[in-house]
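Please model the entire structure based on the sequences and the hints provided.
Sequence order for the protein chains is R and H.
Each residue of the first sequence is one higher than the last, beginning at 0 in numbering that gives the first Met the number 0.
Each residue of the second sequence is one higher than the last, beginning at 0 in numbering that gives the first Met the number 0.
It is possible that some hints are incorrect.
[As the list claims (entries may be wrong)] Here are the simulated DSSO-like pairs of lysine-lysine, each with C-alpha atoms no more than 30 Å apart in a straight line:
#, chain 1, residue 1, chain 2, residue 2
1, R, Lys661, H, Lys30
2, R, Lys661, R, Lys702
3, H, Lys129, R, Lys706
4, R, Lys284, R, Lys702
5, H, Lys30, R, Lys680
6, R, Lys751, H, Lys30
7, R, Lys118, H, Lys30
8, R, Lys627, H, Lys30
9, R, Lys362, H, Lys129
10, R, Lys751, R, Lys706
11, R, Lys661, H, Lys129
12, H, Lys129, R, Lys590
13, H, Lys30, R, Lys82
14, H, Lys101, R, Lys661
[Said to hold, decoys possible] Just the calculated beta-carbon pair ranges, DEER-fashion:
#, chain 1, residue 1, chain 2, residue 2, range
15, H, Thr108, R, Phe723, 54 to 62 Å
16, R, Phe525, H, Ile95, 42 to 50 Å
17, R, Pro778, H, Glu29, 39 to 47 Å
If you're looking for bench data, these hints aren't it; they were derived computationally from the structure.
This one's a predicted model, so the numbers in the text were calculated from it and none came from an experiment.
We put the CB at the ideal spot given by N, CA and C, even for glycine.
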Amino acid sequence: MRINFSCAFLFIGFVSMAQLSISGSVQDIHHNPIAGATISYPGQITYSDTDGNFNLTVSYQTNQQLSVAYLGFKTYQITIPFKDEISLKVILEPDYLNIEAVSISAKSNEIQNKKRISKDYIAENYTGSLSKSLENVAGINVMSIGSGASKPIFRGLGLNRIAVTVNGNKHESQQWGADHGLEIDALSQERIDFVKGVAAIEYGSDAIGGVLSIRNNIIPEINTFKINTTLLTRSVNNSVGIVFDLQHRENRFFQKFKASYIDYADFKTPTDSIIYLSRNIPIHKRHLKNTAGKEWNMFGQFGYVEDNYHSILTVSNNYTKAGFFPGAHGIPDLNRLTDDQNSRNIEYPYQRANHLTIQNEHKWFFTDSEFTVDGSFQNNHRQEMSEFHTHYGNQVELNTSDVELDFNLSTFGLNTKFTHYFSDKHQSNFGFQGQFQQNNISGYSFLLPEFSRNMYGAYLLHQYDFAENLRFDFGLRYDFGRVDIEEFYDQTLYNYLISNNYQEDVANNYALRSPSLSRDFNNYNFKIGTFYSVSPQLDFTLNLGSSFRNLTAIELGANGIHHGSFRHEQGNNNLDAERSYIIDFQASFIKEKYAFNLSPYFYYFSNYIFLNPTGEFSVLPHAGQLYKYSQTKALLTGFELEQSYSFNRFSTEFVLEYIYSKQTSNQMPLPFTPPLNAFVKLDYTLFQNKKYIEKSDIYISYKYFAKQDRISQNETLTPQSSVFGFGVSSELKFGNIKPKLFISAQNMFDTKYYSHTSFYRALEIPEQGRNIQIMLQIPF
Amino acid sequence: MKTIKIISSITLLATLFSCSDDNTTSSDTEKPTITIVAPSDAQEFHIGDEMTVVVDFSDNRELASYKIDIHYSGDGHSHDRIIFDENTVDWSQQIIGELSGKNHRLNQTIHIPLNANNGHYHFGIYALDKAGNQALEWIEFEIHNH
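In structure tokens form, the structure reads like this:
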């Protein structure tokens, strides 16, 4: 081991005896204290406390080193001089190539079950989109749509039951839809915190399964100028991508600029045909036709920083265009699945989406308080393009536009937060949040109505530090708001049904695709949290709370065929907001090279919204039975278990997840519940401190999904799967330049397997085949 | 004291995991099976024909209902309305009926209207069992003028 870039400040006292008194504090590069770090000197060992402080008295030994070590960070060492009193401030640098870059450290002020995911973890685990890159993090599963898009699932809950925030603002897009992904650039984010379980107090509606709190507004250090270029290529979809990242700060002003572009072809899947609805559908050349796509991102950030104030303006834009497999919309036409000899073209049907975010944050720091105000604007414009087609033979409108669906969603948000430190034992946070949202539609098909929504929330979160190792918090939140949905009446459908001899009232019911309705809502939520640290290595967190989610326009008023799910869905204005009560517990043990984390949880939904099959057929073509949104009680429980251990040049990681769910209406599990799964990784440091190689690690990984036979109605059973991965991660050095090179293989053996939570599961399409990818990051 | 509280919370959570699944009663997740005997896949018809439909249904518990869904699926070229004769329509017909028992053979005759467009059509059969499990089978057929 050698001295690295961690820094320390020595304050030197006068020489007296052979006994030295060493004290200090241990922090990470974000100035968060690190508790439980091992501070050792020959003959003495101690650990930093919850504030990161330590002290020890040693007998001086010539030229011996003091070591400060903590899992996930590069060990810091310094030769102790012969001085009476020494005070050290140690800042540990993350050990990016150590698998524990998913850091369990940084005991922050909040009592939350939180996991920090570093930018380097995402780069090393990048698999085409952000959520999929996080799928081996305990508690996270993924719903993937093709090879370039995915959405996260936290503890089995997804869509509108989770929240993704960027710099504190909820990402607002068509979250209810399962056939598109999260419009967030995976490789430009700076830090991600995964908050599990109880998070409704600060985040409001939708934060039921958890919150992915993404930040890209971390203030750079003074006098820094960094440029980073990343090149990547992936074999499973022949993608090529480039990312450019620049940040600059002199003194008070800083600027960041990022741009990326990725282009990918149809993805490969290890099968020559799929059997769907007992038809044999060919998959020519093992490429899933028309799943090619492209994505580009632009990001600009400008900030002004003073000692007691900062202001940050962020503008970012994400554009994606991706094809849909032609067999995924309704009943596949075999002649549309013939090989078009071009794996990079994007033909009909395809989707494209543009997500623009503008955000401005102001923060003031006072002696015992902080005040933050931020305003944001988001626009999510999503279109689904498909050759004009109609199911109703009489649709006479000569429509040459091929825009099938067009949703234009604009959201204005305002967040204010005031934190006051009454003493070092009491602290309170007050927050007020408001959001206005408007959805406009067009296109020749109808799915989601026009609506406007106002939501307001206020919360209070108080923290009480009873002792250094025992902390409590409690929170209350009140939300209220209103949604106005516009009517949509399909005259063409009415005419079609009348001409097919249906009764007038039947035709009317089907033609009213969404009623005009207004709905007010209000919700109360609470939270109680306890943090108890038995020792610097072992601590427990227990959170109890409630969470909720407001109803979507689809759940309130839809009436028609959702081609993404192949069902005729009917909304219900008599539903109440979804509500759950959560107990979330975490036990964490970290000692030297070993870390263990167990996180069981229990959710009781007093009101869970689901699509209930009615047993009555829809009269419409392309539709089976009617599904009506209904409510029931439900329970969801499970646990995550993680363990990591380093010895010599090896490190290992193990993650186990189990989820059990049940809804009381039909005694069946909740749909899309992931099965028991386990992830194992074994990493070996091949080279260290060689001429051109700073560090190089080689790893193998294994992911196991048990069979999922606890299925919901009209779901498909998914067999078990075993998938292997392999990789070499290296930090190289050429003079002052230290590029990072990640070479990896996913699904090493080209295994044919299915994912229970994949959007294409219903079509019996297996997961992506073998992927070999190379990512090179070049910093300057 | 705090340790006892923590241990008892863990024990409480552990007891919840020991609750077994009461799958004993009616969790029927098995879909019915559908065998389309007639028409046959890619069969050709003419306008004015009587299409003979024979479908066999079976279920592990109890059948409930069926739906025949016939609709135009295009001729492989553009769906643009402009190129079609204004006197013809994309024929679309849905028939819903009841089923019973564990096995049921459906015999039906469907008249192909004189103003139906030429081209490919989908012929789909949905079946529901009493528990609400849904099955779907489909084939293609063609309509040609004389």
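Structure-based check of all given hints:
| no. | hint | verdict |
| --- | --- | --- |
| 1 | Lys661/R - Lys30/H | holds, 20 Å |
| 2 | Lys661/R - Lys702/R | holds, 25 Å |
| 3 | Lys129/H - Lys706/R | holds, 26 Å |
| 4 | Lys284/R - Lys702/R | holds, 27 Å |
| 5 | Lys30/H - Lys680/R | violated, 39 Å |
| 6 | Lys751/R - Lys30/H | holds, 25 Å |
| 7 | Lys118/R - Lys30/H | violated, 46 Å |
| 8 | Lys627/R - Lys30/H | holds, 20 Å |
| 9 | Lys362/R - Lys129/H | violated, 60 Å |
| 10 | Lys751/R - Lys706/R | holds, 14 Å |
| 11 | Lys661/R - Lys129/H | holds, 21 Å |
| 12 | Lys129/H - Lys590/R | violated, 57 Å |
| 13 | Lys30/H - Lys82/R | violated, 80 Å |
| 14 | Lys101/H - Lys661/R | holds, 28 Å |
| 15 | Thr108/H - Phe723/R: 54 to 62 Å | holds, 56 Å |
| 16 | Phe525/R - Ile95/H: 42 to 50 Å | holds, 49 Å |
| 17 | Pro778/R - Glu29/H: 39 to 47 Å | violated, 57 Å |
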